[in-house]
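Colleague: On the provided structure of chain A, position chain B as indicated by the hints.
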Amino acid sequence: KNQVEQSPQSLIILEGKNCTLQCNYTVSPFSNLRWYKQDTGRGPVSLTIMTFSENTKSNGRYTATLDADTKQSSLHITASQLSDSASYICVVSGMDSSYKLIFGSGTRLLVRP
Amino acid sequence: NAGVTQTPKFQVLKTGQSMTLQCAQDMNHNSMYWYRQDPGMGLRLIYYSASEGTTDKGEVPNGYNVSRLNKREFSLRLESAAPSQTSVYFCASSATGSSLEKLFFGSGTQLSVL
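Keeping their order, the protein sequence lines are chains A and B. Using this note's numbering, the first residue of the first sequence is number 1, and each one after it goes up by one. Using this note's numbering, the first residue of the second sequence is number 114, and each one after it goes up by one.
Looking at chain A on its own, in the form it has when it is part of the complex (with noise of 0.2 Å):
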């Protein structure tokens, strides 16, 4: 079965901290993985998305890493703000069609100063 699972389930950090979350899938075909940011009450925003030749993608402050042999992911959050305080969530897209995204149930992170 088609399957993303992500941990922790949630997250506290201090203000300033660095943070990993983990991403593992069961996903295939495999085309691209994705990471969202959903802020409370919003909808998810994409940070980044890398192919299966793509090890590592870094949009600001965020830096997503991808091993597609062990089928497993990373988002590295670096120096943590404040408004880095949602939910992160990690999608599996796989080859057989672009409508079949495979979504994970995301990590809450709370960022505390």
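Since the hints were made in silico from the structure, they are not lab data. Among the clues, some could well be false.
What the hints assert, rightly or not - Here are the computed lysine-lysine pairs in the DSSO-like style, where the Cα-Cα straight-line distance is at most 30 Å:
#1 B:184 - A:100
#2 A:57 - B:215
#3 B:215 - A:71
#4 A:71 - B:170
#5 A:100 - A:1
As the list claims (entries may be wrong) - Sample of chain B residues at the chain A side, in silico, Cβ under 7 Å:
#6 123
#7 155
#8 215
#9 220
#10 224
#11 227
Heads up, the beta-carbon is just placed ideally off N, CA and C, and yes, glycines get one too.
Modeller: Leaving out everything else, chain B in the frame of chain A:
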């Protein structure tokens, strides 16, 4: 700079009532989607429209209907609401539906069915 606009933001229905959730995008995108988000679960696709004039079922279509009114608008209708349809509903769009494209999401509609 509106992007994807959904209305209403909140709605409370009684079991058996009907309603339509509206969605419009101003990015000239061809593909549009309706998702639902439930606590502890990933977003699940209800219906999608690859282009104007076409609609297809997603993962959880039962109890819903959709209309792609024109290129901008894609509505979701609940004919006879059930408590199991209590959820947050998101509309999204993408340029062509390619698997490499970003999806742009609206702000969501929080629906409670009593």
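Colleague: Determine for every hint whether it applies to the structure shown.
Modeller: Now the hints, each set against the structure:
no.	hint	in the structure
1	B:184 - A:100	holds, 21 Å
2	A:57 - B:215	holds, 15 Å
3	B:215 - A:71	holds, 21 Å
4	A:71 - B:170	holds, 28 Å
5	A:100 - A:1	holds, 13 Å
6	123	violated, 10 Å
7	155	holds, 3 Å
8	215	holds, 4 Å
9	220	holds, 5 Å
10	224	violated, 14 Å
11	227	violated, 21 Å
Taken one by one, the earlier hints fail for this structure at numbers 6, 10 and 11, listed in ascending order.
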